[in-house]
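Listed below, chain by chain, are the residues.
Number of protein chains: 2
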Amino acid sequence: MQITAIRHVTVPIESEMANAFISFASMDVSVLAIITDQVLDGEPVIGYGFNSNGRYAQPGILDHRIVPRLLAAAPDSLIGPESGHLDPELIWRAAMINEKPGGHGDRAVAVGILDMAAWDLAAKLAGRPLHHQLAERAAAGLGTPLERVWVYAAGGYYYPDRGIPALLDELSGYLDLGYRTVKLKIGGATLADDLRRIEAVLAMLPAGADLAVDANGRFDAATAIDYAVALRELPLRWYEEPVDPLDFRALAEVAEAYPGPLATGENLLSRQEAVNLVRYGGLRPDRDVLQMDSALSYGFTEYDRTLAALADHGWSKERCVPHGGHQFNLAIAAACGLGGAESYPGIFEPFGGFADGDQVVDGYVTLPDVPGIGLEAKASLAPILAGLRDGTR
Amino acid sequence: MQITAIRHVTVPIESEMANAFISFASMDVSVLAIITDQVLDGEPVIGYGFNSNGRYAQPGILDHRIVPRLLAAAPDSLIGPESGHLDPELIWRAAMINEKPGGHGDRAVAVGILDMAAWDLAAKLAGRPLHHQLAERAAAGLGTPLERVWVYAAGGYYYPDRGIPALLDELSGYLDLGYRTVKLKIGGATLADDLRRIEAVLAMLPAGADLAVDANGRFDAATAIDYAVALRELPLRWYEEPVDPLDFRALAEVAEAYPGPLATGENLLSRQEAVNLVRYGGLRPDRDVLQMDSALSYGFTEYDRTLAALADHGWSKERCVPHGGHQFNLAIAAACGLGGAESYPGIFEPFGGFADGDQVVDGYVTLPDVPGIGLEAKASLAPILAGLRDGTR
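Respectively, the protein sequence lines represent chains A and B.
For the first sequence, position 44 (counting from the first letter as 1) is numbered 46 according to this note's numbering, and the numbering increases by one without interruption.
For the second sequence, position 82 (counting from the first letter as 1) is numbered 84 according to this note's numbering, and the numbering increases by one without interruption.
The hints are simulated quantities; they were obtained by calculation from the structure and are not laboratory data.
Treat the hints with caution; some may be incorrect.
Per the computed footprint, the stretches of chain A lying under chain B, defined by three or more beta-carbons under 8 Å from a beta-carbon of chain B, are [what the hints assert, rightly or not]:
(1) 101-112
(2) 124-136
Calculated from the model, a selection of chain A residues having no Cβ within reach of chain B, i.e. all distances over 12 Å [unchecked claim]:
(3) P61
(4) A202
(5) P208
(6) E235
(7) G365
(8) D392
List time: in silico DSBU-like cross-link candidates among lysine-lysine, alpha-carbon distance up to 30 Å [said to hold, decoys possible]:
(9) K319/A to K102/B
(10) K319/A to K102/A
(11) K319/B to K319/A
(12) K102/A to K319/B
(13) K102/B to K319/B
Note that CB positions come from ideal geometry on N, CA and C, so glycine has one too.
Next comes chain A alone, as it looks inside the complex:
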């Protein structure tokens, strides 16, 4: 068994929307295929991966460092001694050879893309849905995966020329889709304007539904605390990324001012940073939410180690709700018993969203019973995956 080719393509997911920090007008992702010499049902067995939105495609690091290392590795060195199959951990190690410690940025995204494809491949080679494969095999696996995963609808971005009525239409649409928690961007307007947006949404929400708000790391400590003082009077699900993701001291100051749940972590791209967050960020293991995202931070192979390190620091997996909005993190959440996963209904398509048949019901979604991550159970991805398989894009 060996890899015969690794192909990747850069796909735009541009949009007119913005959060408090960036515009998404030029955003894109890399989609990668690990193609093997194995054939099942007359088709080559291929693992697919892509990065989450927000940190751009990685054609350069993939072409310059990651893919050449994989193709240069002795084929047998990538075969797991127990499974006899191409092994995600061994693929991960081959990808990271001769990389220095620290500096966890775009490299973490590139390896995340590869690792997602390696796990999709491993589950397909085993003929199992990934959430079952990980539940049994990962250190953090439950043995038997969750049957359904809590998901929330992240939206409420800033768009040019769109006011509160359009915002309420958008978020109530998510409730119609079956979500019970919706999320709104803040920090791209004044506190007074943001409070008007938040209060309008709260007034619209039916009983049993709730709202989280997300500042995308925009605020300095003083502004974050001003917001905290205003927001703590409101029944919010959480207050997300109030300050720069690495300013743990400012985060601890916000935690002093904000008794409700805080959430952060999507911009921590390594286990080391996640550990520093829980060591220094003043977060509270009984309420706060950790959002590290495998597809941006060295993949599940590293995330499994991160979950173990978090447990060493007193943090339950149930406090983890990854950023990303795609099927890879959903499978990880089901396999490991995470608190849930993010979802972006209708945006970042076709990468956002879950399998076609799996509807959100009362805030929870089920997973497809197909080998691998389940990307083939999402029709809108098929043209991209077929193009990679056939080498036509």
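Go by the hints and put chain B onto chain A.
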């Protein structure tokens, strides 16, 4: 005044050597030219930049994100209102638009390359040596730069089939070149073997010369402390990067066990990480050494802000001795009164090393009196710079 082209090229600096973490057999750097419509003495005014060794060339991020943003920026938006010239700070901001906070890795290297070229260009447009330009203009500038900068010779890498006699030959050669401090890699062998290497060097050193040792982030806390206990009996200049660059708790434990100077920071690629180091790493402002490197961490534009943040935390610029071994950090050290700069005599050429006429005398080196960084005063760089200028490589 405007940019007419930005070109870059990937140049190998491969070598048979290794530190405790990586081999340098496939190492390379990006060299970038910002070409303008200005002409001085019949030649177009061009700024050149490159990254330091250790974290690879960045053709992908430069082509995919950084260079297109610069070329898409309105030319007037890059002109400093006071200087009337292309402005490094405005170039930096244009490069970083729509980049999320956190995730400081390869992006920091790519922007470092660009920023070095932007400062080389700014100094050439002003007709000044960069160390004079920065001394006057930077927040951390001295007004009048240092006339000479302390440098030390970083070598003592692990090479296949090279024993202690060859190591002593190498390091005594650095003393012959005028260096008074030499550095040796540790952590790629057993503690007993490393102690034999260290003791052999110490026995060879003449009066007034000293030795630093560098573990390149290889050790876990327990091993780092084992080394600390052995090393603290020896008269070392410093003990460098004992643990993972982001494991601040382990570093603080090492500091408890090691009363001599510690050094670290070359793998912290952002201001935020540098601040976390001095907040959480247990380092001592009266002795320890901070090695953050502009050419790997968003350039001098960001390093100037880092120096201010370090001062806010009680750290003098004299405690800073950047990694990198090239003229950009040497100019920054002279302009801001840093404690010194690293040097790699004879390796990482032609990027390592200083201007041709500037000899190291008694551990100090002078700087060339030419406009810009002084890259044109180093003949071995000329073919690469000419190729970029002419678009022939």
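Comparing the hints with the structure gives:
A stretch counts as covered by a chain when three or more of its residues have a beta carbon under 8 Å from one of that chain; for the region 101-112 of chain A and chain B the count is 11, and the coverage holds. Check on the region 124-136 of chain A: 0 of its residues sit with their Cβ under 8 Å from a Cβ of chain B, so the three-residue criterion for coverage is violated. In this structure P61/A is not separated from chain B by more than 12 Å, as the shortest Cβ-Cβ distance comes to only about 6 Å. With a least beta-carbon separation of about 27 Å from chain B, A202/A lies farther than 12 Å from that chain, consistent with its non-interface assignment.
In this structure P208/A is separated from chain B by more than 12 Å, as the shortest Cβ-Cβ distance comes to about 33 Å. Distance check for E235/A against chain B: the nearest CB is about 27 Å away, which clears 12 Å, and the non-interface claim stands. Taking the minimum C-beta to C-beta distance to chain B, about 27 Å, the non-interface status of G365/A holds against the 12 Å cut. Every CB of chain B is more than 12 Å from the CB of D392/A (nearest about 24 Å), matching its label as outside the interface.
Our distance criterion of 30 Å between C-alpha atoms is met by K319/A and K102/B, whose separation comes to about 26 Å. Only pairs whose Cα atoms come within 30 Å are accepted, and K319/A paired with K102/A is accepted, the gap being roughly 29 Å. Our distance criterion of 30 Å between C-alpha atoms is broken by K319/B and K319/A, whose separation comes to about 42 Å. Of the supplied pair hints, the one linking K102/A and K319/B holds, its CA atoms being roughly 26 Å apart against a limit of 30 Å.
In summary, the hint linking K102/B to K319/B is supported, as the alpha carbons are separated by about 29 Å, within the 30 Å threshold.
In this structure, the earlier hints numbered 2, 3 and 11 are contradicted, and the remaining ones agree with it.
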